[in-house]
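**Q** Letter by letter, the chains look like this.
2 protein chains.
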Amino acid sequence: MTDTERPDAGARDTAPGDHANHSHTRTDACAPAASARTVAEQLAIVLASVAPLSPVRVELDAARGLVLAEDVLTVTDTPPFDNSAMDGYAVIRSDLLSASPQNPITLPVIADLAAGTAENPRLLPGQVARIMTGAPIPDGADAVVPIEDTDQGIERVAIVRAPGAAAHVRRAGEDAHAGDRVLRAGSVLWPTRVAAAASAGTSSVLVHPAPRVAVISTGSELVTPGSPTRRGQIPDSNSFLLSAAVAEAGGIAVRIGAVPDDDDVLRALLAELAGSVDVIVLSGGVSVGAYDVVKAVLKPLGTVDFGPVKMQPGKPQGFGRWPATEQAAGPLIFALPGNPVSAYVSFEVFVRPALQRLLGRPILHRRTVTATVVDGWRSPPGRAQYMPVIVTNRTDGTENGTRTEARPASRGGSGSHLVAGLAQASGLAIVPEDATHIRGGDVITVMLTS
Amino acid sequence: MTDTERPDAGARDTAPGDHANHSHTRTDACAPAASARTVAEQLAIVLASVAPLSPVRVELDAARGLVLAEDVLTVTDTPPFDNSAMDGYAVIRSDLLSASPQNPITLPVIADLAAGTAENPRLLPGQVARIMTGAPIPDGADAVVPIEDTDQGIERVAIVRAPGAAAHVRRAGEDAHAGDRVLRAGSVLWPTRVAAAASAGTSSVLVHPAPRVAVISTGSELVTPGSPTRRGQIPDSNSFLLSAAVAEAGGIAVRIGAVPDDDDVLRALLAELAGSVDVIVLSGGVSVGAYDVVKAVLKPLGTVDFGPVKMQPGKPQGFGRWPATEQAAGPLIFALPGNPVSAYVSFEVFVRPALQRLLGRPILHRRTVTATVVDGWRSPPGRAQYMPVIVTNRTDGTENGTRTEARPASRGGSGSHLVAGLAQASGLAIVPEDATHIRGGDVITVMLTS
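Protein chains in written order, with full-length UniProt numbering: chain C, 1 to 450; chain S, 1 to 450.
Keep in mind the hints are simulated off the structure, nothing from the lab. It should be emphasised that the depicted structure is a prediction, and the values quoted were computed from it without experimental measurement. Every residue, glycine too, gets a C-beta built ideally from N, C-alpha and C. Some hints could be false.
Sample of chain C residues at the chain S side, in silico, Cβ under 7 angstroms [as the list claims (entries may be wrong)]: (1) 57; (2) 64; (3) 140; (4) 158; (5) 162; (6) 165; (7) 201; (8) 203; (9) 206; (10) 226; (11) 420.
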């Protein structure tokens with residue numbers, strides 16, 4: 001089921017006891033269970049299970065944003081032949097040493113060399129060839145006179161300025177020699193790097209592929225948005241939230257949508273998906289309810305851990321793998337809480353860094369800034385809190401100009417206007433475990449999410 | 001043809017005279033032509049021609065990153081019915097005021113309400129119903145006792161704690177009332193905003209669509225990367241560079257690749273594309289050469305301007321529109337220089353902001369930082385210079401911890417290792433028009449590009 005509690009309603013975020021054993025222990029919402037892990041410990045467990053996906057070769061058109069799994073070497077010298085850096089005339093410099101506006105030197109034009117030409121007319125002393133930018137320098141020529149220093153003649157040309165030595169000649173291999181490394185394994189393929197691979201004469205590159213990520217919401221109350229709802233039903237929003245977040249993080253989202261609280265249905269779906277995706281992200285069904293379908297299906301596998309994490313929201317967290325087959329390891333499984341804020345925070349804190357590692361990216365984490373708190377709030381002791389905040393830059397009257405401010409995205413407490421408030425947040429303020437009151441004027445670390 | 005000059009080879013970056021009129025005027029590379037515009041003037045001309053694309057309705061799955069062209073209102077109250085925020089028992093609070101661990105109160109359980117149920121059994125005094133998170137509160141009940149405060153009984157349940165008034169009941173409309181605005185027109189659809197629209201009961205949204213952008217390299221010397229090259233030929237890299245940059249900016253790139261320096265071929269291609277794309281980005285063929293095909297085809301239209309811009313690189317810039325038909329305005333046309341660094345800088349400075357405006361995004365420009373220069377360089381007077389730089393953060397020993405540093409991405413001058421150097425740059429340092437020497441220790445503004 002979807003855990004639709006308020007993210008700050010700590011009592012719901014209790015350590016998930018095993019419902020089947022009818023434990024009657026009351027877990028204080030504000031004190032983590034002895035076995036609870038810190039966020040850092042949980043993240044270390046997640047990242048220790050994740051390595052860049054096995055490299056595949058892709059065409060350059062599909063390579064943007066992916067990470068190289070090989071060095072890219074130039075196929076030929078770059079440029080591959082001496083060529084003109086200007087539109088003008090290829091010349092023998094010694095013919096023109098005395099040229100000046102007062103004393104133009106007029107010479108016969110024996111060829112017209114456009115870019116792309118394969119022609120290579122040999123210049124004899126006293127001859128020139130018209131040449132366009134990028135065209136190969138003909139044998140015998142040793143400099144280029146720019147068009148502006150001539151009368152632009154077609155059959156004969158008057159030249160009014162002596163060229164410098166090797167003027168406007170781009171030498172073969174000037175940018176790179178054949179076999180030079182132009183890109184390193186591990187580089188993220190920004191547009192300029194895609195271009196560098198193209199320029200090196202490469203049509204495809206070996207990269208870590210984007211992970212395919214199935215996204216499933218669980219809960220018999222969930223219907224597709226826009227469908228009519230009867231009493232008891234609400235629209236599924238988590239599969240949209242998490243699919244969009246997967247895509248933004250560089251993954252390929254396979255949005256399955258909502259499935260009912262039915263163990264057999266979920267088990268069959270996961271088994272079917274296991275062969276075709278790298279990651280499965282579930283939300284809902286991980287708490288203490290009678291119909292916590294995700295726990296019911298995954299716990300017996302023995303490969304998914306449901307240890308609580310000392311964070312708020314997001315305390316119940318399932319992480320592991322679908323069982324391996326003889327052919328392949330099973331996909332990673334993240335079982336997130338069903339509350340949208342809890343699911344989103346859990347995604348940002350655990351799933352997104354894992355996706356970055358699957359992609360082979362060197363930077364796993366979002367950028368953080370320090371910000372001054374505007375309106376304070378409370379935080380549970382013993383748990384790191386992630387508070388959705390609106391981050392603004394405000395002129396502060398000092399010479400430095402601006403200060404960065406953070407205020408909770410939901411007015412009137414983080415419980416009300418929950419999804420609408422989250423939608424305005426541009427960051428998550430990170431409250432350390434030991435803090436209980438965040439006050440206006442406090443300086444806090446904020447993970448920027450947009 | 002591709003303008004393959006060095007980006008710092010100022011002499012090539014002369015004001016593009018009309019070759020056909022055989023102007024013999026020598027234009028000093030370091031002094032802009034009288035008619036040259038500043039970067040700000042050129043950008044103002046570009047942006048004045050660009051408005052957000054006409055809205056279209058898209059499914060939520062296709063909406064991420066696009067900008068809303070309508071307010072999104074909730075279809076029903078959110079939540080649409082009173083529901084439980086906890087797994088536990090729906091109760092009549094007045095039955096339980098004296099409950100305590102020492103004095104449990106045991107009551108009959110008349111129903112088991114799962115999330116998604118449409119059941120609504122009316123509680124009479126002394127009765128309770130088992131209820132899961134998200135399930136509707138039955139008529140008569142006015143509070144929820146969490147499972148932890150009970151013996152989890154199925155037919156009868158012992159309750160050890162009195163609930164507070166309306167405890168753990170989420171009220172219908174608590175987050176939003178039907179008709180409330182949850183998202184504003186003009187909002188960028190981040191993942192959490194896609195989720196807010198879903199949660200509001202919306203399956204599709206009215207957005208400004210992503211612009212379709214055709215990308216064409218011109219130059220008879222260009223071949224597809226990976227194809228064998230003969231003397232005179234080089235791989236096309238600009239169409240890969242600019243297509244990837246378009247995609248990164250949020251556009252839909254239609255990479256046409258390289259076309260030869262043939263007026264008829266280019267004219268026919270542009271005419272064919274005009275009906276199916278919003279923007280055409282060309283590179284090469286905008287300078288003073290005899291085969292400057294882009295200028296030759298576009299200038300006679302009268303709708304594309306080739307005014308020089310006081311910048312380096314990127315001085316020759318074509319901007320305008322393909323002629324309108326009775327049905328529609330023609331696509332925007334950007335004719336960029338062919339040198340890869342010039343093309344990239346021109347894209348970042350003019351094309352990318354235009355694409356952001358077509359998308360309806362509120363922020364048109366890249367983030368800038370101030371950085372301390374490590375290795376200096378020279379800049380032409382009278383022209384704003386955009387120098388590809390590597391930006392790093394370095395501990396500086398002060399309390400603030402780090403300082404941001406910028407060094408030219410190409411060692412040994414910006415001409416050598418041109419494409420490979422550009423591929424390492426993470427920003428463009430912006431040198432003002434009047435500066436001629438940038439020295440180590442200078443503080444400079446850098447546009448961050450990755």
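**Q** All hints, please: hold or fail.
**A** Consistency of the hints with the structure:
Because the beta carbon of residue 57 of chain C sits about 12 angstroms from the nearest beta carbon in chain S, more than 7 angstroms, this interface hint is broken. Taken as an interface hint, residue 64 of chain C checks out: its beta carbon lies about 4 angstroms from the nearest beta carbon of chain S, inside 7 angstroms. The interface hint given for residue 140 of chain C is broken, as the beta carbon of that residue sits about 15 angstroms from the closest beta carbon of chain S, more than 7 angstroms. Against a cut-off of 7 angstroms between C-beta atoms, the interface hint on residue 158 of chain C is violated, since the closest Cβ of chain S lies about 10 angstroms away.
Interface hint status for residue 162 of chain C: violated, as the beta-carbon distance to the closest one in chain S is roughly 14 angstroms, over 7 angstroms. Proximity of residue 165 of chain C to chain S is violated relative to the hint, the smallest CB-CB distance being about 15 angstroms (cut-off 7 angstroms). The beta carbon of residue 201 of chain C is positioned within 7 angstroms of a beta carbon in chain S (closest approach about 5 angstroms), and the interface hint is therefore held. The closest approach between the C-beta of residue 203 of chain C and any C-beta of chain S is roughly 3 angstroms, which is under the 7 angstroms cut-off, so the hint is satisfied.
Annotation: interface hint on residue 206 of chain C violated; nearest CB of chain S at approximately 14 angstroms, more than 7 angstroms. Restraint check, residue 226 of chain C versus chain S: the minimum CB separation of about 3 angstroms is within 7 angstroms; hint holds. Annotation: residue 420 of chain C was flagged as interfacial toward chain S, and the flag holds, the nearest CB pair being 4 angstroms apart, inside 7 angstroms.
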